[in-house]
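Visitor: Here is what each chain is made of, one letter per residue.
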Amino acid sequence: GNSVTQMEGPVTLSEEAFLTINCTYTATGYPSLFWYVQYPGEGLQLLLKATKADDKGSNKGFEATYRKETTSFHLEKGSVQVSDSAVYFCALSRSNAGNMLTFGGGTRLMVKP
Amino acid sequence: DGGITQSPKYLFRKEGQNVTLSCEQNLNHDAMYWYRQDPGQGLRLIYYSQIVNDFQKGDIAEGYSVSREKKESFPLTVTSAQKNPTAFYLCASRGQTEAFFGQGTRLTVV
Numbered sequence: 002g003n004s005v006t007q008m009e010g011p012v013t014l015s016e017e018a019f020l021t022i023n024c025t026y027t028a029t030g031y032p033s034l035f036w037y038v039q040y041p042g043e044g045l046q047l048l049l050k051a052t053k054a055d056d057k058g059s060n061k062g063f064e065a066t067y068r069k070e071t072t073s074f075h076l077e078k079g080s081v082q083v084s085d086s087a088v089y090f091c092a093l094s095r096s097n098a099g100n101m102l103t104f105g106g107g108t109r110l111m112v113k114p
Numbered sequence: 023d024g025g026i027t028q029s030p031k032y033l034f035r036k037e038g039q040n041v042t043l044s045c046e047q048n049l050n051h052d053a054m055y056w057y058r059q060d061p062g063q064g065l066r067l068i069y070y071s072q073i074v075n076d077f078q079k080g081d082i083a084e085g086y087s088v089s090r091e092k093k094e095s096f097p098l099t100v101t102s103a104q105k106n107p108t109a110f111y112l113c114a115s116r117g118q119t120e121a122f123f124g125q126g127t128r129l130t131v132v
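Residue numbers (the numbering used here), protein chains in the order written: chain A, 2 to 114; chain B, 23 to 132.
Incorrect hints may have been included.
Said to hold, decoys possible - Below, simulated DSS-like cross-link-like pairs (lysine-lysine); rule was C-alpha separation at most 30 angstroms, straight line: (1) B:K36 to A:K50; (2) A:K61 to B:K105; (3) B:K79 to A:K50; (4) A:K78 to A:K113; (5) A:K53 to A:K113; (6) B:K31 to A:K53; (7) B:K79 to B:K36; (8) A:K53 to B:K79.
It should be emphasised that the hints constitute simulated quantities derived from the structure, not laboratory data.
Note that the coordinates shown come from a computational prediction; the quantities given were computed from them, not determined experimentally.
Using the sequences provided together with the hints, build the complete structure.
Guide: Take a look at the structure:
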């Protein structure tokens with residue numbers, strides 16, 4: 002079946018540090034890949050997505066590249082801010098599985114001033 | 023504004039009671055989903071519906087029930103059979119390319 006594995010948190014960084022959150026997946030076929038962000042007490046917001054191999058999703062300084070050869074979709078940001086503190090979820094969906102999202106366990110990011 | 027609305031934001035239930043969580047969307051999406059989130063954990067799929075009057079069990083459907091009588095609405099009932107209902111519940115709807123989430127309902131058993 003489909004599964005998503007993320008690095009466990011929390012990840013604690015100082016402001017302006019470089020961020021990487023690893024995400025790997027298991028799926029047959031060609032899933033779409035997503036990163037969602039959850040701020041405290043709120044629902045999830047789509048951060049970025051990629052629908053095919055070698056696509057790069059980007060938004061608000063965050064980037065992730067769909068790597069089919071390594072089945073990975075690592076999230077990166079060159080310079081984090083305190084306001085980036087949140088929980089980040091990697092997810093995949095497959096069109097022949099009802100477009101259901103399968104989520105990783107989430108990674109909490111804490112950015113200190 | 024288009025979006026997905028969950029209510030209430032906080033809900034308290036006594037043991038042995040059924041409670042219903044509301045989820046409404048005005049995005050004209052066919053697919054809707056209910057997820058459960060426990061502290062420090064990821065999201066687990068409870069039920070999903072791809073079309074009106076049809077729904078399917080997800081990974082942890084026991085103790086829950088849903089209905090999909092209208093395209094806009096996908097209420098979740100947490101029954102007394104759910105032994106550990108305290109959690110954060112998230113509803114989502116999905117269009118062609120991405121899913122949108124509500125703000126969640128935090129259910130606590132008292």
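Visitor: Hint by hint, say whether it matches the structure.
Guide: Quick rundown of the hints versus the structure:
Among the hinted pairs, B:K36 with A:K50 is inconsistent with the structure: their alpha-carbon atoms are about 41 angstroms apart, more than 30 angstroms. Distance check on the hinted pair: A:K61 and B:K105 sit about 41 angstroms apart at the alpha-carbon level, beyond 30 angstroms; violated. Restraint check for B:K79 and A:K50: satisfied, since their Cα atoms lie roughly 26 angstroms apart, inside the 30 angstroms limit. Proposed proximity of A:K78 and A:K113 is supported: the alpha carbons are some 15 angstroms apart, at most 30 angstroms.
Of the pairs offered as hints, the one joining A:K53 and A:K113 is violated, with about 35 angstroms between alpha carbons and a cut-off of 30 angstroms exceeded. This hinted pair does not check out: B:K31 and A:K53 have alpha carbons roughly 36 angstroms apart, beyond 30 angstroms. Taking the CA atoms of B:K79 and B:K36, the gap is near 25 angstroms; set against the 30 angstroms cutoff, the hint holds. At most 30 angstroms may separate the alpha-carbon atoms for a hinted pair to count; A:K53 and B:K79 meet this at roughly 28 angstroms.
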